[in-house]
Amino acid sequence: MTALPVTLDITRPVRWNIDVARVFAISIAVLACLAVAVLLVTILWLSFTDGTPGDPQLGYTLGHYREIFIDSFTYRVLWNTALFLVITLIVAFALALPMAWLVERTDFPGKPIVFTLMTVALLIPGFAVALGWLFLLHPRIGLINQAVMALFGLSAAPFNIATIVGMGIVEGLSLTPITFIMTSVVLRSMDPSLEEAAAMSGAKPWQAVVRVTLRVLWPGLLAAAIYVSAICFAAFDVPAILGLTNRIYTFSTYVFRQLTPTEGPPEYGGVATLSMIMLVIAIAMSWAYRVVQRQAPRYAVVTGKAYRPRIHALGPAKAPAIVFVVLFFLVSQALPLVMLGWAAALPYLQTPSVEALAQLSLGNFRSIPTELLVRSITNTAILMVTVPTITMAASLAISWVILRAGTRGAAVLDFFAFLPVTVPPIVFSVAALLLALFVLRGVAPIYGTIWILILVYAIARMSYGTRMTNSALIQVHRELDEAAQVSGAGTFGVFRAVLLPLLAPTVLYAWIWIALLSFRELTLPVVLATGSNLPFSMLVWSYAQSSSYGRASAAALIMLALMAPILLLYWLVARRVGILTPR
Amino acid sequence: MIRIRNLRMTYHGAHAEQQAVKGVSLDVPEGAFYTLLGPSGCGKTTTLRCVAGLERPDEGEITIGDEVVFSSARNIFVPPHERNIGMVFQSYAIWPHMSVFENIAFPLRYKKPRPSASEMRERVMRALSLVRLDGLQDRPAPYLSGGQQQRLAVARALVAEPRVLLLDEPLSNLDAKLRDEMRLELREVVERLKVTTLFVTHEQIEALTMSDTIAVMRDGVIVQQGAPADIYAKPTQPFVADFIGKTNMINGRVISLSGGNGSRQASVETALGTLQCRAEDGVANGEAVAVTVRPENVALTETGQIGIVTNTVTGTVETTVFLGNMLDCIVAVGGERLHVQLHPSAALGRGARVRLRLPVEHCLAMRR
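Residue numbers (numbering that gives the first Met the number 0), protein chains in the order written: chain A, 0 to 582; chain B, 0 to 367.
Worth double-checking, as some hints may not be accurate.
According to the in silico footprint, chain A covers these stretches of chain B (three or more CB under 8 Å from chain A) [what the hints assert, rightly or not]:
(1) 96-106
(2) 215-228
Computed Cβ-Cβ distance ranges for the label pairs, DEER-style [said to hold, decoys possible]:
(3) B:Arg-336 / A:Ile-310: 54 to 64 Å
(4) B:Ala-15 / A:Val-37: 41 to 51 Å
(5) A:Pro-504 / B:Gln-17: 31 to 41 Å
(6) B:Asp-174 / A:Val-37: 52 to 62 Å
In short, the hints are calculated from the structure, not lab data.
Computed from a predicted model, the values in this text were never measured in an experiment.
We put the CB at the ideal spot given by N, CA and C, even for glycine.
Produce the complete structure using the sequences and hints provided.
As C-alpha cells, this is what we get:
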C-alpha cells in the first residue's frame, strides 16, 4: 500500500452511497403501513359522507352519527354485545383457568398432548363448531331439543342456542383454547417462592391461593381477560351462524347486516359510521390491555430468574381432573364435529334411528358442484401461499427497519404495523370494500378479484407477523450483523447470510400459522368475496345461510379434511421451533 | 495508518441527545498497537465504531491507510463492508448457524478478488492454526467454549488480511484466568502479523500490558496519550492518575516553583505539611493542585531519625491487609488517609506509629 498524500483524495468524486437493499426494505415497510392507514382513513372519511359509489359529488354530513345514536336498536345491539361478551368470558375462564392450572402447576399427565389439542382447537373454524351446535340445540331442528320434546311430550323446545346466552356459551367454548394459552403463560411466570413464603407464614394451601396467588396473578389475568374480550367483541362467525337468521345481532353481525340488508340497497355511509364506532371501542379495549399489561411488571412476579413452579400432587383428584379435561375436548370440539358428520350424511337432519341409518349416503358431498369445489379450493390455495408470503416479507422488512435501520420515524411504523391486531376483521373488510368501491374503482379495479382478498388478508395478519419477526430479530445480537458488515457483506449480504438463516425457523412457523388462518378465514371474505374469488370457507357459509345444512356440513368436513395435513406440518414445525413444549 | 481528525458524534436518543465524542484526533502509526482506555461512556467504543463505519459521525475526518473513509467536509462515508477492516466484538459475534470453517471463511467470500476454493481452504486453515484451533474447522460454532469462540473471532477478523484490526473489549467476557492467557496470546498474534491495531478497553491492566500507545479518554475527549510507562509514571491529570493504577491524591496549594519546563519543581502546602514535588508544566504559583503519589512508591523510614527529612510524614496505621507479596495499609496522616503498599516483612499492626517518606521524584503536582 503506497502512502499517498491524503489531500490527493480531493480529486476523487464525492461518493454517493445509495444502499439499494435499504431503500427497498424501507419502501416495503412504508407501503405496508400506508395500506393500513389508507384503509382506516377510508372508513373515517366515508362515515362523514352521503352517497353511493360512483357519485361524482359526495356530500359531507354528520347525519349518520346522529341517526345511529338516536336509533334505539343501536343500544339494543350494544347491550347484546356486552351480554355476549360477559357470558363468553365466564365460560372461557371457568374452563380455561382450571385447565391451565392443572397443566402448569400440578402433576397432570400428558401435558404436551393437552397443549397440542388446544392449539388444534384454536385452529378449528368457529363456524364449523357453531354449525354443530345448531344441529344439537336449534329450537326447531336441534336433535337434543327434538329428543327431549319426544321424551317428555313437550310442545316447545326446552333449549335455544340461537340466543345471546347460547351464542355466548358457544363462543366461550371456542375461545377457551386461547384463554388457556394466555393464562398458562401467566401461571408459568409466577415465582413459586411467593406461595412458599405464604405457606411458611402459616397460611393453609387454599388461603395461600386466595390471598397470594390470585392477587399476584390478577394483573396478568385481567390483561388476558381484556385480550379475550377484544377477540370476542370482534368475533363474527359464531354470532353470524347462530344469530343472523334469527335477527339476533352482536356488533359485528349488525355491521354485516347493515352492509347486506335483506331489502333495499345498503347505506354505505351508515356502515362506515358503525365500523368507526366499532373501531373506537376496539381501540379502547386494546389501549386498556396495554395499560394493564404494562402495570403487571410492577408486581415484579416475572423475574429473569430460572425457577420451576411448585408442582402440586393431584393424588386422588387426578382421575376427576383427567375426566374434566377429556370431557372439555369431547363436548367443545368432538361432539359438534360428529354432528357435522351426521348432518352431512343425511338428506335432512333427524334424530338417530334405524330409518335414519338406512338413509346415510354421500349425497350431500356429491351435490356440491365440482366446478364450484375446484374454484373455491383453488382460490383458498392461492390465498394460503400468497398471503403468508406477502405478510412475512412485509413483516421482515418492517422489523428490520424498526430494529436495525436506525431511521427516524421507526416508532410510527411500529404503531401502524401493530394497529391491525386492534381492528376487528369485519371493520377491515368493510374498509376494503368501501375503498374498492369508492376510491379504487376507476384506478385499480380489484373488487371481485382474488387480489382484494390477498391484500386484505395480508394486512390483517401484519401485526401478528411483525410481532413474531420483531421478537425473533431482537434475539439476534446486533453484533452478528455488524461482524458480517465489517467482513465485507453489504446490507443485502448481511440479510441473506446472517439474518435470514437465523430467523428462518420463526418465519417458517409464522408462515404456516398465517396459512392456516387464511384457510379458515371467514369474516374477511364474507364481505369481499363475490363469485370468482370465492374461497372455500365461503362455501360452508353460503350453504349455511341458505339453510342447506347438509351441504354446509359436507363442505365443512371437506375443509377439515384438507386442513389435517397442514395441521400436521404445523405441528412438526412448531415442535422443532419449540413452541408446543410447555416449558 | 489510522488518522482521525476532530471527530464528533452525537447520539439522537428517543428522549435525549448525548454527545458521545467531542473532538477526538489521533494517529495510529503502521503496525502499532494503540489503545483507547477509559471508563464506560467516555466515547472510546463510539470512536472505534466510527472507524469501523458502524456509526456515522457528525463531523471530522477518518483516514485508513491512504483512503479517506469518512469526511464530513467532503461528504464521504465509506460503508463498513468496503473498508477492509477486521474487528473483534465484545460478544465475539460468532454466527451460530455456521461451522467454525464457515465463520472464518466468511470474510474471504466477500473479498475482491475472491480467492479460489483451495486458496480459501488454505487461508482458513492458516488462520485456525494462528489461534491454535487446528482440527476444529468442522465443529458447529456454538459448540465452542468461551475462550475458543474468542479465538475464532480473532481468526475471522484476521483471515482476510485487513488493513487494520479493531478490538472492542474483546477480553471482557472471559473469566479472569482465561483473560490473563488471552491477553498475552492476542498480543503475540498481533505482533506476529504486524497488523495495525486499535484496541478499546476499560481495563487498565490490559492497556498497560498490551499497548504501544495508550490514549486515556474521558467525556468524549482524549485527556492524555503516551507510552504505557509514561502514562503510569507521569499522569498529567488527577483523573488519569486515579484511573490508571491506585494512587493517593493530596490536595494543596503551590507556594513556590522552580526549574524550567519539563523539570519543574514545586513546593506544595498540604494537610500533611509542605511537600516537594515534580510539577506539571501548566501549574502556576498559588494554584490549587493535587499531589499524587502511588502507594507502592511510599517508603517506610526509621521513626527514630533525627531532624526533618524532605517529604517525611508521621501517621498511625489504621488498617493492614496481608496480600502475600505485599502489605496493603491505610495510614492516617494529618487528617488525610494515605494508601501505602509495603514489603510484607514490615510487620505492622493496627495503631502502630509509622514514619513515611514520599520520594520527591514520585510526587506529582497537577492542576485539579
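- Message: Check the structure against each numbered hint from earlier and tell me which ones fail, lowest number first.
- Response: Hints 2, 4 are the ones this structure does not satisfy, whereas the remaining hints hold.
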